[in-house]
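Enquirer: Chain A is fixed; fit chain B onto it per the hints.
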Amino acid sequence: MPSAAPNATTSDLGLVTAIRSGDQGAMAALYDRYSSIVYSVSLRVLQDTGAAEDVLQDIFMQLWRNPGAFDASRGNMAAWLAVIARHRAIDALRRRRPENDIEDVIVSVEPDLASEADRSRTMDKVRGALQTMPSLQRSALEMAYFEGLTHSEIAEKTGEPLGTIKTRIRTGLTSLRRVLAA
Amino acid sequence: MSVHEQFAEDLALYALGSLDGAERQTLETHLAGCASCRRELELLCGDLSLLSLTTAGPKPPARARQRLMSAIANEPRLPVAVPASERRQRSWWPALGWVAVTSLALVCVGLLRQNSTLQQDVASLRRQFTDQGSKLEQANEVVATMLDPEAQKIELVAAGNKPQPRGKAIYQRRNRNLIFFASNLPPLPAEKIYELWLFPANGGAPIAAGLFKPDARGSATVVNPPLPEGVAAKNFVVTVEPESGSHESPRGTAVIVGLGE
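In order, the protein sequence lines correspond to chains A and B.
The first sequence maps to residues 1 to 182 in the working numbering.
The second sequence maps to residues 1 to 261 in the working numbering.
In case anyone wonders, no lab produced these hints; they're calculated from the structure.
In silico EDC-like links for lysine to aspartate or glutamate, alpha-carbon gap of 16 Å or less:
#, chain 1, residue 1, chain 2, residue 2
1, B, K59, A, E116
2, B, K59, A, D32
3, B, K59, A, D48
Some chain B residues flagged as far from chain A (calculated, every beta-carbon gap over 12 Å):
#, residue
4, G133
5, K168
6, P186
7, N202
8, P206
9, L227
10, P228
11, E229
12, V231
13, S249
14, V257
Just so you know, even glycine gets a beta-carbon here, dropped at the ideal spot from N, CA and C.
Same shape as in the complex, but just chain A:
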């Protein structure tokens, strides 16, 4: 009996399995589910809608060509795509060749991000954590994550000592985890 057409309730793994069989409808469903995450991360990094669209296209085409790159053991699909989007966007920002193969990206995430509601709940938590951080701490974390700057570059940009930048980033991440675990 033929399998049902993919829809909004089909699991990520179900969609990936269908994509491996060349199911374009499954690809469309996966795109509808996660394109906004990939696009918004790319746009945040690149600050350019055209460049962000190119990263979006590149990532989903890679997934179409090699859907086996993702499986459940690699972590949550939303987080996995977000990390790849960030990598690709920073590569584009720095006009360099991709430094990470999508098959080598493993992300371990505690919150379940499968549904829009799950993602929205986690997003509120993370935004809350960032808002409660001291501004310099949040700024250091965002410069490293969204601008792809090394700690040396952040120190140079802000005029702060290297050790201070390191501590701010680590403390920021510790605060983030504490909020997520609560």
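Expert: Then chain B, alone, in the frame of chain A:
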């Protein structure tokens, strides 16, 4: 086991990709033999991925979806890749794990790690080179076909009274290159698909030249379908065919037909 405190700050920077130079090398040497720090690194990467969710809001424009769906409709499937979990683990941490337990010497670990990294770099560069070479070759063929004065350029128009559906085939017999563009095609009924046919100039049987489904606007492109060598085209025709079953000869209704040269 707990994370080694002296590496805690560097682990955070490493997860961000912000650690470089000697500090990076020192940490990587340590990671090769420390499972608890490797686990902490995975967790840090997970935490960081959640930062991405704070960017949620902007939606990609509709044209981005059309661009993707058009691209995948026109791209022949490569052999299906085996899922990463079914292959031998590619990550080099587990591969080096057993080295650590032998506790022979950190020097050995460092050398093995360096060797593994270099091998991965070489493999990665080879993949990129092959991929880009293939894309360049395909692009050259497309440009050569479009610019070749000997290429047949055949305009296709609607077979019925409605003139909206249109198609254009650019065919280069010598290199078996064919580029076909269609527009304003009507939506397909369920379990049907469009098929492009090459009608040989020698009166031979029609040759299947690609199955395709148009995008939401009725546009589609077929690029270089598999074709036999040296066949001169008399005409091209697009028919509606059953999605499954044999495609050895046209059985369905013609939607657009060529005018010939």
